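Chemist: Given chain A, put chains B, C and D in place with the hints provided.
There are 4 protein chains.
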Amino acid sequence: MIVVMKENATMAELGQVLKALEDKGFQPRPNHGAQRTVIGIMEAGEGDLLELANMAGVEQISPLSSKFKMVSKDFKSDPTVVSVADFKIGGSEFVVMAGPCGVESTEQLLSTARQVKACGGRILRGGAYKPRTSPYSFQGLREEGLKILAQARNETGLPVITEIISPELVPLVARYSDILQIGSRNMQNYALLEAVGKERKPVMLKRGLMSTIEEMLLAAEYLMSGGNTQVMLCERGIRTFEKATRNTLDLSAVSVIKSMSHLPVIVDPSHAVGHVDYVADMCRASVASGADGIIIETHPNPAEALSDGPQSLTFSAFDELMISLRPVAQAMGRNMVERPEK
Amino acid sequence: MIVVMKENATMAELGQVLKALEDKGFQPRPNHGAQRTVIGIMEAGEGDLLELANMAGVEQISPLSSKFKMVSKDFKSDPTVVSVADFKIGGSEFVVMAGPCGVESTEQLLSTARQVKACGGRILRGGAYKPRTSPYSFQGLREEGLKILAQARNETGLPVITEIISPELVPLVARYSDILQIGSRNMQNYALLEAVGKERKPVMLKRGLMSTIEEMLLAAEYLMSGGNTQVMLCERGIRTFEKATRNTLDLSAVSVIKSMSHLPVIVDPSHAVGHVDYVADMCRASVASGADGIIIETHPNPAEALSDGPQSLTFSAFDELMISLRPVAQAMGRNMVERPEK
Amino acid sequence: MIVVMKENATMAELGQVLKALEDKGFQPRPNHGAQRTVIGIMEAGEGDLLELANMAGVEQISPLSSKFKMVSKDFKSDPTVVSVADFKIGGSEFVVMAGPCGVESTEQLLSTARQVKACGGRILRGGAYKPRTSPYSFQGLREEGLKILAQARNETGLPVITEIISPELVPLVARYSDILQIGSRNMQNYALLEAVGKERKPVMLKRGLMSTIEEMLLAAEYLMSGGNTQVMLCERGIRTFEKATRNTLDLSAVSVIKSMSHLPVIVDPSHAVGHVDYVADMCRASVASGADGIIIETHPNPAEALSDGPQSLTFSAFDELMISLRPVAQAMGRNMVERPEK
Amino acid sequence: MIVVMKENATMAELGQVLKALEDKGFQPRPNHGAQRTVIGIMEAGEGDLLELANMAGVEQISPLSSKFKMVSKDFKSDPTVVSVADFKIGGSEFVVMAGPCGVESTEQLLSTARQVKACGGRILRGGAYKPRTSPYSFQGLREEGLKILAQARNETGLPVITEIISPELVPLVARYSDILQIGSRNMQNYALLEAVGKERKPVMLKRGLMSTIEEMLLAAEYLMSGGNTQVMLCERGIRTFEKATRNTLDLSAVSVIKSMSHLPVIVDPSHAVGHVDYVADMCRASVASGADGIIIETHPNPAEALSDGPQSLTFSAFDELMISLRPVAQAMGRNMVERPEK
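Chains as they are written, first to last, in numbering that gives the first Met the number 0: chain A, 0 to 341; chain B, 0 to 341; chain C, 0 to 341; chain D, 0 to 341.
Please keep in mind that the hints were generated in silico from the structure rather than gathered at the bench.
It should be emphasised that the depicted structure is a prediction, and the values quoted were computed from it without experimental measurement.
Heads up, a few of these hints could be off.
[Stated by the list, open to error] Think about it this way: if two alpha-carbon atoms lie no more than 27 Å apart in a straight line, the pair counts; the simulated DSS-like pairs of lysine-lysine are:
#: 1; chain 1: C; residue 1: 66; chain 2: B; residue 2: 242
#: 2; chain 1: B; residue 1: 242; chain 2: A; residue 2: 72
#: 3; chain 1: D; residue 1: 18; chain 2: C; residue 2: 242
#: 4; chain 1: A; residue 1: 66; chain 2: B; residue 2: 242
#: 5; chain 1: D; residue 1: 18; chain 2: C; residue 2: 72
#: 6; chain 1: D; residue 1: 242; chain 2: C; residue 2: 242
#: 7; chain 1: D; residue 1: 72; chain 2: D; residue 2: 18
#: 8; chain 1: A; residue 1: 197; chain 2: A; residue 2: 87
#: 9; chain 1: D; residue 1: 242; chain 2: A; residue 2: 242
#: 10; chain 1: B; residue 1: 242; chain 2: A; residue 2: 242
#: 11; chain 1: B; residue 1: 66; chain 2: A; residue 2: 242
Extracted from the complex, chain A is given alone in its bound form (with noise of 0.2 Å):
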């Protein structure tokens, strides 16, 4: 159920309504939009508000209809804006991830990360531990390759994203990392997304490449369920008959969950073509088709990789896409972030 306050509401009568309802034994989560507050309470059915329609401030009671409660528009219908550092996702920044999959050695990410704040990009990737469809694949340089990320922020005052593979990881991942990932693999492990619910970082959720947009918004109900608002989506591909590119990018997944949903949203063409010669075409679709934001692989020497090197661009690569983007991104009425003098 939710309880739609009146525009001109005051705190007060806000602070009454929330009180009557925690009195009835419910967890009230207000949320504060452009024009008005509206107070979610899962776990209320529709007889259990009815002596609320009469309290000073309270313009509506009504039920949340559609299978998702807190990522959907009908609770909070101001876009979620997500703060990292000093710059916002969801917000008018196109805003760009990079960085290697796999971080494989100081020098290696140091490189990368350089790289990424001279064209212009926002935020580094890399992945301390990765997930691996065989157990005798690389499985990440783990607690050392977050020490490699954190010493990469250091120089170069980019915020970092990394993988999170199991809950009792998260209070070790979250220490280093500006922002928490959860794998297309992990995307209904529930006992992750419980865990990762718990913590107040940025957190964005791949899509499974077997998953719906449906399941991925009732994911991200996990996370919203328990506490943690600052999430972002991300698409990346899912799995097809065709065997061109890797996976098969759904962009219109994009126009989809901003129909549906108010948290950002973000694709990572790399992982969805898995080929070098088609990201670039993918990122300049992806600016256009509304995303806030893109995260992508770039590596110093991709032939020597030790995961993703198809798909991972060379830094002249990353360089030239760069440039391409910005003017897709102005046509779309969203600015990038300038690059620095070198």
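Modeler: Same frame as chain A, but now just chains B, C and D:
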């Protein structure tokens, strides 16, 4: 096999080589690129052309290694540009084709044609023969529909595109339509491909909703090996598990096709997403993906359309879309035709 | 609409009702079940038949609510049994159709036909017209192939099934073949469906490799509404992300079709799995799924087959398979024809 | 790498080879087949074991070429047989596991357990921890559910299988359950796979609903390389475009797995088809496909089940199914346990 002629080969040398090939019983297909001429001989094997290697003007004789022959970039490195009326598809212009799913009446089509023209659309679409999943659904106005299309062209000057569903209809439809469309369900209807391959009219081949990019290129090979070189390909969404959209628009197909083939690529977001809310986002993304044009559905009264109402734009939504496309096209270095003074 | 006649209605009463329907301009389609006769009137709406309700012999007039009319169990509750030569498909016998993918030579086909016959196969399959993805692949022996099929029938007594790929070939193929096959790529080739619908020969409609069961039933509706009631459906695998098999055999389709329709169902495991190692397991599973028969590929020398060699059984593997099918058929309450004395 | 011992190698020779491997810092994994013993050394490379080639009893040293190591037939040619209570899975018996989707109450589970036992079922299934797409759906009775399962085992003697959804729950669930189940959503939850790999209890790994067979085998490799060799695989349907069934049961996966791996295969038709009308057909087809068992849902009152009601068999439908399975199992050369005297 292909015979690559020297850059400075003379027309007389070319003539000698063509004659030598014909004398051996082959059907040579010369292709005059900006740099040099390449002769394709589809039916020849590796050993068949050895003695031509020493003829004047011949630079090299080599096999066409890919599965694709005439559609591949190896055979023709310059992009194919298809001329329609007084403009070109596949060049620097970004082309919009628009109109109703099916031709329903003179009034419906004429009013749509006027709006398409007024907003800067280039080509009028409209189905006269409708392949329908159920035998009890509206099957189109057939020849009557073709006549209405011709009437709309006469009035507005817009060339028209319409679908052919059976080999024996080719002469009739070719008499009325400027571009022949082969629909998704018929992408692998080889009898139809052979019939249209014998025409010398532009043809747009739509991807089967179950077809790989490779299969689409091989279907185009049927058209080209039949002698029709004015071929455009159309990405229109593929069937996946995702249910939020009617099909999944595979925009990376644009990038993949462009890396393999010289043929122009058109995107049909309307059929792919199946819902008007997502069409405009995907039109803009199509421009940024590198496509040469789009084909979309607009209808004077979508709620009463006999087919595909939910995905048809109203006239005002179409107008807004057209205005929003122009800056994205410019950002991509493409021009669009000026809107006529109303 | 359907008019359900009373169990004890007389032929005279039926005649009166049929005449009344024709007088109203309808084309009534009577269907004589074991219990009662039902008359289908596809073109009538709910209000059109009100005055017939009181005619003698009429029990009930009701709409055919499902999308499927003539293919549905509502229209015809008794299973359809298709007669071929001196046996039946869709009754208590489990029927095996076998032969090479393509007819390559008289010797190849005759030796295969003899083996099929000797092992208890009922029908000889073999493609004369081959729809091929590439225009440069073997396209079949065409009319010469049809003649070889007829020769094999004459020698062995086995009826034959072969594919039709274009409307204009229907009369020619119908002259030679006992069963007309509509292939996967042509399941929604409506011009072909209409042409075959006018024939009065058994037809086997194969499921498109990315067609839903609903679409297959609607394609069968094209055949039946054209007047051809001897229709069999064939599950042959659908396209999915799984790469270990050529396609994914959807055996639950047998169960789904049987719950919705009265038509017999044949399974084609060879094309579905695409590899000889998995064919026999899936043949046995097909029997147990409730299918009425299977169609499989066998070839005197699979390694040299011009098409589909990897999925074609050797003669000895075919023999072993046939022996192993019999107990499973018996367990399912189905009989198979005795193996002739060699 | 694998070291293949001679057929007549002695235990002492084996001991020497194992010691030599340990001295080199490896962790040798001997596997005693019916014919000979093979030692797997997962972490060794081609050059590491050269000097062992001349040791007494050693026949051959060779790389494990496939991506799969311990799950492959190259490593272990004899089928793996998993012992549960007093019977075996993967041998000549066809085993039926049955019960409700979720444990809802003592009464519900006990009545179901009695029916499963009475009809010849071998193992009781029931979910205590339910991974649910929405955070607002029934999540299971958790530890209370485990206790009810233990109670049902005590009364009926049926061993139980239940799902583990998080690494930290492994010790608790392992205390109550005879077989640990890893569910579809967690097939690639590597933290969970590693935790279960350290247990020495039978485990059933369900295929992710969009995972390839190769990925499932690699997930099983995580379990086996962790030391848990009592692994069963479960095909439970994959996600496709077909909407008539909840998922598409990929029965050919049984055949594919059996050709690559020594592990037993169980089929779950209930979750695959999602509707009770199609369950029995697919159970019989599963037997004929070569599977070692099935796992199905039955509930005292499917209409009131808290989860998966539409696919749960009533007690009488379950009884009928069990009667119909027996002749098919016999036709396949498999036995089923006798039904106890009621």
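Chemist: Out of the numbered hints, which ones does the structure contradict?
Modeler: 3 and 5
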